[in-house]
Each structure stands twice: as C-alpha cells, then as structure tokens.
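So you can see what is in the structure, the chains are spelled out below.
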Amino acid sequence: MSAARPPSVLSATRAVLYKELTLERRAPQTLTAMALFCASAFVIFHFALGRNEVEGALAAGVLWVTLALAALLGIGRSFVADREEGGLDGFLLAPAPRTALLVAKATTLLIFLLIIGFFASVIFSVLLLGPTPNASQWASLALLIVLADLGIALVGTLIAGIAIQTRARDLITSILALPLLIPLLIAVTKASEPLLTVGGGTLAWRWLALLGLYDLIFGLLAYALFDYLVED
Amino acid sequence: MASTEPAVVCSGLVRRYGERRALDGIDLTLEQGQTLVVFGPNGAGKTTLLRVLSTLLRPSEGNASLLGSDLRKEGWKVRSQIGFLGHQSLCYGDLTARENLRYHARLHGIGGAAARIEAVLEQTQLSDRGDERVFGYSRGMLQRLAICRAVLHEPQVLLLDEPRSNLDPAAIEQVEPLIGAAVGRTRVIASHDPAGGLAEANLVLGLRNGAATLLAPAEQVSTEQIAELYR
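Protein chains in written order, with numbering that gives the first Met the number 0: chain A, 0 to 231; chain B, 0 to 230.
Hints should not be assumed to be uniformly reliable.
[What the hints assert, rightly or not] Keeping only pairs whose Cα atoms sit at most 16 Å apart, straight-line, the calculated EDC-like set for lysine to aspartate or glutamate is:
1. B:K72 - A:E54
2. B:K76 - B:E60
3. B:K72 - A:E230
4. B:K76 - B:E4
5. B:K72 - A:D226
6. A:K189 - A:D88
Hints are computed from structural coordinates only; laboratory data are not their basis.
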C-alpha cells in the first residue's frame, strides 16, 4: 500500500457519487417513489380539474408543483442511508474535503431530478397537456428543467444537510425547502407558461436569468455553509 | 508532528448535550503506543469521549489534542491518523464488503488499496464473502468488517468502542493482529470487561456521569476498583 494522502475534492466526490448511484441501482427506492408520485399526481389532477387537457399557466402550475413535491421526496431520502447506517460518520472520519459530500449529494439529486423531469414531462404530455410543444419549445422546456433542477438540488442538499442534524428531520425538510423554493417555482412556472400555451410562445429570458441567479446564489450559499452544517 | 508528542492530551475537557454534561472536566495524558482503557456504566461518557477524540464531536469547553493537534481547531490534520470503531459498522448494507472498504479507502486517499483490502479481509476470514452485500452479514461479521474499515488506512491511533462485542473466541483471535496491543498503536478502548480491559491497559480511566472517578496506571488498579464503578 502506498502512503495515504487526503483525497482531492474531485476524487472524494467521485467516490461518494459512485456509492450513491450504486445504492440507488441496488435498491431503487428514491426514483421509484418520485416517479410513482408524479404519475399519481397527474392522474389526480386529471380527475380533480375535470379536464382532459390543460394549457398555459394551469399546465405550468400542475407540472411544476408536481415536480417540486416529488423533489421533496428525493430531498428527504438524500441522507437516509447515511443516517441509518452511519455513513455520514464514516465520511466525516475521513480526511476528505467536506465540499465533496455537497457536490456528490447535489449531483446525485440533480441526476434523479433530471430523470424524473424527463419522465414527468412525457407522462404529463400524454395525460394532461393540451398543446403539443414543437421541437424548439421542448428544447426550451428542457433548459428550464435543467436550471430549475439544479436550484432544487442545491437547496435540497443544503436543507438535507441541516435536517440530518435534527430530530424532526422529515418535518424540517418540507418546512424549510418549500419556502426557499418559492422564487424558483415562480420563475420556472412563469417561464414555462408560454411554452405550454396553445399557439405557442417563446422563452422569457428574464425568468431564465432569475433562475440562473437563484442557482448561483444558492450554489455559493451551499458551498459556504455546508461544512458547518454537517460537522458538529 | 514530533514523535515524542503525547498521543492524547485532554485538559478540562467538557462536552455538553444541551444542559447535560456528558463529559465533565476530563484531564489525561496518554503517551504514544500506550493503551487507555475507559470503564464506566452505560451513559457514563465513554462513547462521547471516543467521539470527541475522533473529531466527530467538538469539545464544549477545555482542550483535547491528538498527536499534538488541537482537535477543536486542527481536527482535519489528524483524521488520517485516527481509526474509529463505534457501535455502528459505518458500512452500507446494500454494498458488498469489498465495495464498502474500497469506498473508505478512496475517502482516505489510500493508493493501491486493493492489496490492503484483501489483506484485512483475509485476516478477518471475510474474503470468501467479501462480494456479498453487507445487509446479510451476522453481527459478528459486521463487527469484523467494521474493524477492517477502522484499520484500513493504518492509523496511528485506534479509538475502539467495545471492539470485541459480538465476536466469538475465534474471531477475537483473528482481529488481534489488527487491533491488539502487539500492533504497537496508541489505543483508547471503551470496555465493560474489567479483567480483559485491565489486562491490555497501560492507563485506566473510570467514568461516572461524565466525570473521571478513577485515573491511574493499570498496575495500580484492581478489578474490584473497576467493578465499583458499576455499583
């Protein structure tokens, strides 16, 4: 064995990310729960709204409220294995940079959210969406999903890092995450609205810029705070 | 890090959980290569002491240093030198033993870890089942795997919380070359076994309600004094 040297952020991130994805591949609980939630929510909206098709602001609202609530499931599961099996202690005992845990957890959540975003968009367009977006609108919607999911992943990992240190973890996740996600949800819903309207529309860049700013602010906040949150 | 530096120094060490003092003014010095065995009834503060020394908990008051580094300010410096064995294995049930050890090796930046992983698995007789997911392991197997994890990076200081619990006599012999006195590492061991603990101790610490009621070289301590802690 060659001498041990503290791993770089990249190396530790890859180790945690590989572990996270392996755990989900072996026991696919989080993705399954999120996907089932989305499908169920769309079916419920379908009957509750008494409509076969929705469009515009209503369509954007239904899509993003469903995705945001599904994201809460993912956020809530983010540190479950680490808490129940002592994995967080295992990480904290190592000389690995704490930032690696933030990056790996946020990346894992982002991957899950992107998969669910794709899945939910397809189900939504089949079950509820009135207008069929053209290729350019789908591309814009995909861009919105990536930006919004990045923000949700950053905020979610930050909140999960706070929640893991408390006894009321499940409550904390919902209570803190939803209010913090309000600006993001307003921006992404407003930006999605013209893309889901009959006759179509184009992406409003100011909402896109707001999403980018949100991601930047919470990325910096998470980077600055995460070490203090996970350590004693 | 000077080699003559004491391995562990605690001075007025206090750790609070809310209002309760889980550690209440602990003072001790442990030289390198020596073994401190900590006795005390449940809730006396043994695990808290180990967690503070491992850097998982910060001291609320007072000082604790390990290999010359102040744990409050420089815990990051010594993490690679600490091998911690707690009540949990710190291994993921849905990963195999080899995957768990590979994961910890990467977090410790161990180069060429494969040979070391095979060596510790072989030593603890887990090689044949090293590719099975850990959730199917017995408690004894989990404890052996946890020991493999704790010593994987060959730390200078071992912090061991009841290291031989759940192990049968054969398994205790298997892990001896990894965590026993012959390894020559500094060890802090929490134990409920007066005779066994005393036999491997250089220094004995008795805790009750977080306070040190006994601190003496092992040769000056009798099993009766230790038993007294539990009454």
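Verification of the hints:
no.: 1; hint: B:K72 - A:E54; in the structure: 57 Å, violated
no.: 2; hint: B:K76 - B:E60; in the structure: 20 Å, violated
no.: 3; hint: B:K72 - A:E230; in the structure: 13 Å, holds
no.: 4; hint: B:K76 - B:E4; in the structure: 15 Å, holds
no.: 5; hint: B:K72 - A:D226; in the structure: 14 Å, holds
no.: 6; hint: A:K189 - A:D88; in the structure: 42 Å, violated
Violated hints for the displayed structure, listed by number in ascending order: 1, 2 and 6.
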